[in-house]
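**Q** Construct the complete structure from the given sequences, taking the supplied hints into account.
Chain residues, written in single-letter form:
Protein chains: 4
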Amino acid sequence: MIETTVPLPDMQNSADPRGIDITKVGIRRLKYPVVLGMRGNGPQHTIATVAMYVSLDRSFKGTHMSRFVEVLNEHRRELDIHDIGTLLRHMKQRLEAQSAYLELEFPYFLEKRAPVTGQPGMLHYDCRVKAEVDLDDRIRICYAVTVPVTTLCPCSKKISAYGAHNQRSFVTLNWQCTESIWLEEMIELVESLGSAQIYSVLKRPDEKYVTEYAYDHPKFVEDMVRDITAAVRADDRITWFRVESENEESIHTHNAYALIEEDKLAGCPAAFLP
Amino acid sequence: MIETTVPLPDMQNSADPRGIDITKVGIRRLKYPVVLGMRGNGPQHTIATVAMYVSLDRSFKGTHMSRFVEVLNEHRRELDIHDIGTLLRHMKQRLEAQSAYLELEFPYFLEKRAPVTGQPGMLHYDCRVKAEVDLDDRIRICYAVTVPVTTLCPCSKKISAYGAHNQRSFVTLNWQCTESIWLEEMIELVESLGSAQIYSVLKRPDEKYVTEYAYDHPKFVEDMVRDITAAVRADDRITWFRVESENEESIHTHNAYALIEEDKLAGCPAAFLP
Amino acid sequence: MIETTVPLPDMQNSADPRGIDITKVGIRRLKYPVVLGMRGNGPQHTIATVAMYVSLDRSFKGTHMSRFVEVLNEHRRELDIHDIGTLLRHMKQRLEAQSAYLELEFPYFLEKRAPVTGQPGMLHYDCRVKAEVDLDDRIRICYAVTVPVTTLCPCSKKISAYGAHNQRSFVTLNWQCTESIWLEEMIELVESLGSAQIYSVLKRPDEKYVTEYAYDHPKFVEDMVRDITAAVRADDRITWFRVESENEESIHTHNAYALIEEDKLAGCPAAFLP
Amino acid sequence: MIETTVPLPDMQNSADPRGIDITKVGIRRLKYPVVLGMRGNGPQHTIATVAMYVSLDRSFKGTHMSRFVEVLNEHRRELDIHDIGTLLRHMKQRLEAQSAYLELEFPYFLEKRAPVTGQPGMLHYDCRVKAEVDLDDRIRICYAVTVPVTTLCPCSKKISAYGAHNQRSFVTLNWQCTESIWLEEMIELVESLGSAQIYSVLKRPDEKYVTEYAYDHPKFVEDMVRDITAAVRADDRITWFRVESENEESIHTHNAYALIEEDKLAGCPAAFLP
Chain A
1 MIETTVPLPD
11 MQNSADPRGI
21 DITKVGIRRL
31 KYPVVLGMRG
41 NGPQHTIATV
51 AMYVSLDRSF
61 KGTHMSRFVE
71 VLNEHRRELD
81 IHDIGTLLRH
91 MKQRLEAQSA
101 YLELEFPYFL
111 EKRAPVTGQP
121 GMLHYDCRVK
131 AEVDLDDRIR
141 ICYAVTVPVT
151 TLCPCSKKIS
161 AYGAHNQRSF
171 VTLNWQCTES
181 IWLEEMIELV
191 ESLGSAQIYS
201 VLKRPDEKYV
211 TEYAYDHPKF
221 VEDMVRDITA
231 AVRADDRITW
241 FRVESENEES
251 IHTHNAYALI
261 EEDKLAGCPA
271 AFLP
Chain B
1001 MIETTVPLPD
1011 MQNSADPRGI
1021 DITKVGIRRL
1031 KYPVVLGMRG
1041 NGPQHTIATV
1051 AMYVSLDRSF
1061 KGTHMSRFVE
1071 VLNEHRRELD
1081 IHDIGTLLRH
1091 MKQRLEAQSA
1101 YLELEFPYFL
1111 EKRAPVTGQP
1121 GMLHYDCRVK
1131 AEVDLDDRIR
1141 ICYAVTVPVT
1151 TLCPCSKKIS
1161 AYGAHNQRSF
1171 VTLNWQCTES
1181 IWLEEMIELV
1191 ESLGSAQIYS
1201 VLKRPDEKYV
1211 TEYAYDHPKF
1221 VEDMVRDITA
1231 AVRADDRITW
1241 FRVESENEES
1251 IHTHNAYALI
1261 EEDKLAGCPA
1271 AFLP
Chain C
2001 MIETTVPLPD
2011 MQNSADPRGI
2021 DITKVGIRRL
2031 KYPVVLGMRG
2041 NGPQHTIATV
2051 AMYVSLDRSF
2061 KGTHMSRFVE
2071 VLNEHRRELD
2081 IHDIGTLLRH
2091 MKQRLEAQSA
2101 YLELEFPYFL
2111 EKRAPVTGQP
2121 GMLHYDCRVK
2131 AEVDLDDRIR
2141 ICYAVTVPVT
2151 TLCPCSKKIS
2161 AYGAHNQRSF
2171 VTLNWQCTES
2181 IWLEEMIELV
2191 ESLGSAQIYS
2201 VLKRPDEKYV
2211 TEYAYDHPKF
2221 VEDMVRDITA
2231 AVRADDRITW
2241 FRVESENEES
2251 IHTHNAYALI
2261 EEDKLAGCPA
2271 AFLP
Chain D
3001 MIETTVPLPD
3011 MQNSADPRGI
3021 DITKVGIRRL
3031 KYPVVLGMRG
3041 NGPQHTIATV
3051 AMYVSLDRSF
3061 KGTHMSRFVE
3071 VLNEHRRELD
3081 IHDIGTLLRH
3091 MKQRLEAQSA
3101 YLELEFPYFL
3111 EKRAPVTGQP
3121 GMLHYDCRVK
3131 AEVDLDDRIR
3141 ICYAVTVPVT
3151 TLCPCSKKIS
3161 AYGAHNQRSF
3171 VTLNWQCTES
3181 IWLEEMIELV
3191 ESLGSAQIYS
3201 VLKRPDEKYV
3211 TEYAYDHPKF
3221 VEDMVRDITA
3231 AVRADDRITW
3241 FRVESENEES
3251 IHTHNAYALI
3261 EEDKLAGCPA
3271 AFLP
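Residue numbers (my numbering), protein chains in the order written: chain A, 1 to 274; chain B, 1001 to 1274; chain C, 2001 to 2274; chain D, 3001 to 3274.
Treat each hint with caution, since some may be false.
Unchecked claim - In silico lysine to aspartate or glutamate, DMTMM-like type, Cα no more than 20 angstroms apart, as pairs:
1. D:3203 with B:1248
2. B:1061 with A:246
3. B:1203 with C:2105
4. C:2203 with B:1227
5. B:1158 with A:16
6. C:2061 with D:3111
7. B:1264 with B:1212
8. D:3203 with D:3111
9. D:3061 with C:2074
10. C:2031 with C:2105
11. A:31 with A:74
None of these hints come from the bench; they were simulated from the model.
**A** Right under this line is the structure:
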């Protein structure tokens, strides 16, 4: 440890002559180990890619970058993604800002058992939490999960004498809600609506099962987003959603893609859209 | 070539019972060679990553994916990014849709000469054009360029007896405008506002020049977005902009980041935001 | 232009006391537009990601980084990947080194017509050229192409009452040869050995054709690398090869992978292996 | 659970007529949560990207892909990277193969305290373990860590009246050894040899310290690999190493790069080179 006796100037705190407010300023692409509270299984250790921003009033030259990581350090060992407001308000206060923004992206793992033999394996789902607190301390949170599924082309099945092309697809469901929804719930919803589910371990009886199941449940990229839309529209906890499906076509090198976005309350502010 | 005499069923054209409109459906991550018309230098060959979507009415089961690439094929050899409406209306008509969307991402190269010796070198700028045509044939286009610059930390310079940490930064400027603006114009604007410009060839006299120039022009990430905001606010052709600066800090592994977004006309629809 | 009258010191040229040779030093991840001479179709404009290195003798403190781009500038408008020796020897001489290394990675586009309707579309293939010249001016070049194909699982077909899972697979073939081989030749070889070929435009009769063709030609990841090995072994122009297939399984989120590498002359030096 | 009473055919076990051995076959890009035993701090939860391969004799048509994940499942909760042989031999036996290969890539986190104020923060290091067991049950392991450091250009400092360009650099050290070496040891070695170390939290006195320290310790990319080479040559536990430094130049968009590779025993087989 080295002694520093002379106080160093604080440039960031000095006045700025340009008169321009900054929408967001802070840090991003910080990789940090976090422990998340999760349904049933107790806490899960994962690694988040973190972005933390605040608004900056026109009167200040700069924000204090080191404080973002200091705030994160105090919360990372017991982070509840359904109560992210505590962290946000802490950021807002510590950075002396009018609003604060947080984005967490992290892989989330679930054990899935093969559909026939029951063999266990871990599957990962890329998740995202995007949250903000405004001047009046209102909290807004948007959640997202990306779920891999198999999709099998209905047109290919219909026009071909045998077989049907199928592929790995990634469905991303974003939502805002009035009460807590477990990530698992939305993951299970999406998985149930693909042509077939995806697993990390499949023995031969399982492989037979998913092959035939997919052939029996062909889905266009349009079907994926429509079926999920129908389910999410019926869920009163959800006030806004965007569902995307991206199919990594086995017959092309480009992807097929569809998106449906609906704001049930017509109240989702543009600046917050994920 | 194989003869196909029996007409194959057109599933996509069949009726859909769910009654759900699709916001966007089409293809993405298609890599395609295109020729762009550019200022002064004549056309530039580049490689675009392309996304093409249309809206899909609730009455149809699916869109016709192959038509997107067919339309692109007819335009790719002389694509004018300032007249993207022709391509968009072609998509809308060919896909029988109410609206159409196009996104092009491509590296764009300019020759830059070293500031002292004049040595030439090519520098690339990642660019993006995002456009849509709606039911009433109105065209909306958003342009973006990502420009690398050097930024040198004012705080580090101020508090240190000598030296100052500096880094490669990427500034992304997005804009909508009432009349054509060359990509070069916005690239040059951003380059002029960094702590120093970036080049692919620098001899020793050039290196001395950019080192001292950067030390003489320290800029926080906040300064980058404020200085560009001041310039873009004053440009009456621009109706909406978002400017972001991401600094790859040499003293951290995370990045510093700032964003300012302003809608001069308060008319930019949320769904279109890039 | 600024006058520089006092010569600046050349640190790189000064002596180094540590007595340690450097295997490779230079630049990498330089994106540069290049024009490649190609079979039949005349030159192709593409964008290369370039690495250029030289060896550095223990007696010198550093190499001269700006010279790499200067040398590239003189060759980039007519680069013949089958005569890369000219560029390499130029690097070696200009950098006053004992050996020089060049790596070019670039997308290469071919027009492919759909198998039944003949509809045209462009498909891209990621290619790589890795070359070196040694002290005795001997040139060694390794080429690589990555070719997308459809693969359909033989096990899934065999054990299922109907259907079979299939996916997009990427086959990478690396080779060294005694005489020039067009990239197109190796691309066509790999494409002919998949369960089905991949296209950017497929109309319904084409989609029926590729679906049934794939079902009729199931291939494990092991089959892909074995069938290509058999073909490449029989080609006397090829002295060394490595073939890899990576299958993006539609039933998993991990990939299946196989690799075969053979050195017909047992003479490929370890340091050069791609 | 569904009953499967008729045994399904095992195609993979059937004979193959081509007579071609496969060098490596298995799975890759599997993301899996693992718990690693580490120095001092007890076990660390992290997320590994896993590749697992075996050799496949010419007499078999295919390997059994599901067994790889099954083997991993049995070891992932207490994986000791210094005793990876247990897992490798398990793979070899379970897959009935002559050799087995394992690659783990994972972020590894260490708490680092700021150099003056002592503020704590977590920093991540991308690590890799690449291991194989051969026919005679000999184990070979190659370790790698990628360590971020600040580097400051000696030439820029020398020729400029003030200032010096500096940047984030990534140093990757690969090694094989005769006895266990903690990842922390090699991380600390590399960090001590940069122009300055990198931290996630720096207060103003820390920022002054690292700025001046970097200016006092300028390093070319060549210096980085030479200084590390000198240290690693002197470590008798290390039998082979490759050190690379990649500097993300603040004055260019391409990177400077240097590599030194030495095999003290001249016994590192080509096929194993990382």
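**Q** Against each hint, give a clear statement of whether it holds in the structure.
**A** These are the hints, each one checked on the structure:
no.	hint	result
1	D:3203 with B:1248	holds (18 angstroms)
2	B:1061 with A:246	holds (17 angstroms)
3	B:1203 with C:2105	violated (26 angstroms)
4	C:2203 with B:1227	violated (52 angstroms)
5	B:1158 with A:16	holds (16 angstroms)
6	C:2061 with D:3111	violated (35 angstroms)
7	B:1264 with B:1212	violated (37 angstroms)
8	D:3203 with D:3111	holds (16 angstroms)
9	D:3061 with C:2074	violated (51 angstroms)
10	C:2031 with C:2105	holds (9 angstroms)
11	A:31 with A:74	holds (16 angstroms)
Of the numbered hints given earlier, the model fails hints 3, 4, 6, 7 and 9; all others are met.
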